[in-house]
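> Quick mapping for you: the protein sequence lines, in order, are chains A, B and C.
The first sequence begins at 1 in the numbering used here and counts up one residue at a time.
The second sequence begins at 1001 in the numbering used here and counts up one residue at a time.
The third sequence begins at 2001 in the numbering used here and counts up one residue at a time.
The calculated lysine to any residue pairs, modelled on SDA-like cross-linking and capped at a C-alpha distance of 20 Å, are:
| # | chain 1 | residue 1 | chain 2 | residue 2 |
| --- | --- | --- | --- | --- |
| 1 | B | K1247 | B | I1232 |
| 2 | B | K1235 | A | V348 |
| 3 | A | K334 | A | I12 |
| 4 | A | K263 | A | L162 |
| 5 | A | K95 | A | S245 |
| 6 | B | K1016 | B | T1101 |
| 7 | B | K1083 | A | I12 |
| 8 | B | K1025 | A | R183 |
| 9 | A | K334 | B | T1076 |
| 10 | B | K1083 | A | L19 |
| 11 | B | K1083 | A | H16 |
| 12 | B | K1247 | B | A1236 |
Derived from the structure by calculation, the hints contain no laboratory data.
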Amino acid sequence: MYVAVKGGERAIDAAHSWLDRARRGPAEQPVLDTAQIRDQMSLAVARVMAEGSLYDPDLAALAIKQARGDLIEAIFLIRAYRTTLPRFGASRPVKTGAMRIARRISATFKDVPGGQILGPTFDYTHRLLDFRLLADGALPATDPAEACETLPEPAPRILSFLDRDGMIETAEPDQAEPADLTREPMELPAERALRLQALARGDEGFLLGLAYSTQRGYARNHAFVGELRIGTVPVEMEIPELGFSIEIGEIELTECETVNQFKGSRTEPAQFTRGYGLTFGQTERKALSMALVDRALRWEELGEDGQGAPAQDQEFVLSHCDNIQATGFLEHIKLPHYVDFQAELELVRRLRDGSAGQEDAA
Amino acid sequence: MTDQAYNFAYLDEDTKRMIRRAILKAIAIPGYQVPFASREMPMPYGWGTGGVQVTAATLVPEDVLKVIDQGADDTTNAVSIRKFFQRTAGVATTERTRDATVIQTRHRIPETPLTEDQILVYQVPIPEPMRFLEPRETETRRIHALADYGLMQVRLYEDIARHGEIATSYAYPVEVAGRYVMDPSPIPKFDNPKLDDCPAIQLFGAGREQRIHAVPPYTRIRSLDFEDHPFIASKADHACALCGSRKSYLDEVITDDAGGRMFVCSDTDFCAENAKGDA
Amino acid sequence: MALTEALEETARHAAPDDAAPDAAPDQAPATPLLRVKGVTKMYGGRIGCAAVSFDLWPGEVLGIVGESGSGKSTLLGCLSGQLRPDAGEVIFDTSAQGPVDTLKLAEPQRRLLARTDWAFVHQNPRDGLRMGVSAGGNVGERLMATGARHYGRIRASAEDWLGRVEIDPTRIDDRPRQFSGGMQQRLQIARNLVSGPRLVFMDEPTGGLDVSVQARLLDLLRGLVRDMGLSAVLVTHDLAVVRLLADRLMVMKGGRVVEAGLTDQVLDDPQHAYTQLLVSSVLQV
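Excised from the complex, chain A in its bound form:
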């Protein structure tokens, strides 16, 4: 006799232990150390920190290990952990202008005070598989960071040169306390600060696709990379009991400022406009994408035409950029839907019966 599907609990337990085995791989291989992931898979770690909204390279490495290298799963682990952490307060805004720079380039000016610094980039590598990496892990001959005689000085922001001449829209410091979208529900339409928060956590692939679509004409905004800088900044926190702020640590950031198509009219002088991206770690594809999408979303305040392009539509962008929301909802279709499907099955049967009757009658 049929017995209603039972044993879900045992099946789940068995699946979990299989997963543990699969993660570990063959026993004769050495186990992957999270320090190795942290230091040798550092760009994966950076992405997990950026989209997980939690700056902790060790936890990100652990998440990557636990997720068997599935970065969205790793981001999910970090998010779920982050949400349980108590909030002691907010840091002071970090000063990216005073960043200790590892990489800094501008596509708008050939030579700039502070210089262009390529840093550890894939940009000019030939994408040829390096089979030597199969064999050994020998260190490169020299450490370029040590080879550098003087550490780069804090470099002025390149857009400040344009700013001084009135060539670019002024970005007034906003003193208002920004909302925290992890603590308050997102309200649409959202202010720029909130949009940037959502974009900073947003899926790299989704934002890359949107940014690319603006370049291909879906709300084109002619972006130049005014400056892209990667480096470390101190994080300071105001301690009320002390009455001053103290440094609590250092984080690596990628910041991208774009110079975009100008606005102006007969009465207003022409000016370039801005797009902005800021992300944890070395995540420059993400920061660039974020800046282009930020700029596209600003069409209304800049008095541009809505072209109905996806990247201009803040409800579309903000409602769909979070990969944890997206992957959860997408994958939930694997859950049983017996009840709804049964209801549909009966409806379709009834409708078929009905229309069959009509055909007979006709």
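Given chain A, put chains B and C in place with the hints provided.
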């Protein structure tokens, strides 16, 4: 075994307070979708994070919890959520509807009538009944504010014009207390009449969409329809092959390769009780 | 709240007959249906329309003509509540409350007005129709939006109205996509008139149609306006259309009204240089 590393029922007390406020507001404005700052939970969005947060904010140590998915206590996701609360809250759990004080459900309302001492928590994927007619949140919010629901009626009209009847078999829209149009979550429309005048508190949590809505006890719930095409709660026209009930909602089960099939109660607790002759 | 009820009341009682007193001059009613005072709308430093004032009497059709960019569509948007003017008043004579400045109405009341007493016929039927909804659903929407809940009666009204705009009622379940441009426009008109509005805004209702199709539509519109005693504000660049439909005419240029008067008078004896240019630049009708 309670996991001591986490607060009672996983969420911290501040978060619970925030969710309780949203729940109270939702009860005060029946059918209205209250935004709340949904947290990332250790299970994926779309797998019941809204329901889990509402349950977590609702549970007290004395509660007896029942979790069902598709009407059954032993479907994988129901098992997973029940285990989660056993581990983080250590509350007693049950499979018997009448013994439970809090019931978290996905896609069904139990067949056994609920009482004033119970809270039914629904997992909700898309709380907005107008969403597939109007994708924009700013616009649907205006539709609700102005009770401008003509478009919903147009959808039902189209169904009848096309199919001869309203071709919505689950997540069937309802009007709550004469004001807001509400999506009752993807329960089969067979369950809609149970929403009406129900003695229990009904709470609906949508985690990914950051919304909570509620139906207070004994609230008038009307399934949308036309005067000359009234709402009908339908189900498969069979008796349960296990307990023989003709009044419970049935799952269709394929039994062999030759297309053989049987119908059994989707509510496993009701089915077992009924088979014993207790229901 | 009282106003909302009043408007609903209006909707119920707005049978064409009592909403449309005969426009004969000896029986002219005491209040205009629509009184527009100093409506101004700026786009940054550019004028959309400036200081436009006029009265529209029950049963009257007012044509607004001008070339593109003259401000006629901006004005229509301001009158119909789709645009927010920077200054001015748009006073509509509701049956229960009397004259009310519609710009000061709350959004729910304005929306209610827009789906009961008012109607708006767009140039492009796609803007005024739900393209994914059947003809019957399109016509029935205004009825359902104001509380109709009897499928059979809604459908009967829709069939009746399809007939009145010369669409074969057996096509009631077809979607507008399957209709020609002229049929779509007639469907849009049926969708608007089904609730018995007292004031219709029309934006180039014959634009984008073939000449022969235009003629048929104009004929139909003229018949409906007469039979229902509709009041209308009609924006067009086509002087033939106003000649046929409008009792009075306003000529706009650069956002301002340069000439206004009885249609025949303005067209046959234009006073303003711009009107003269406009009239001479088209074939005589």
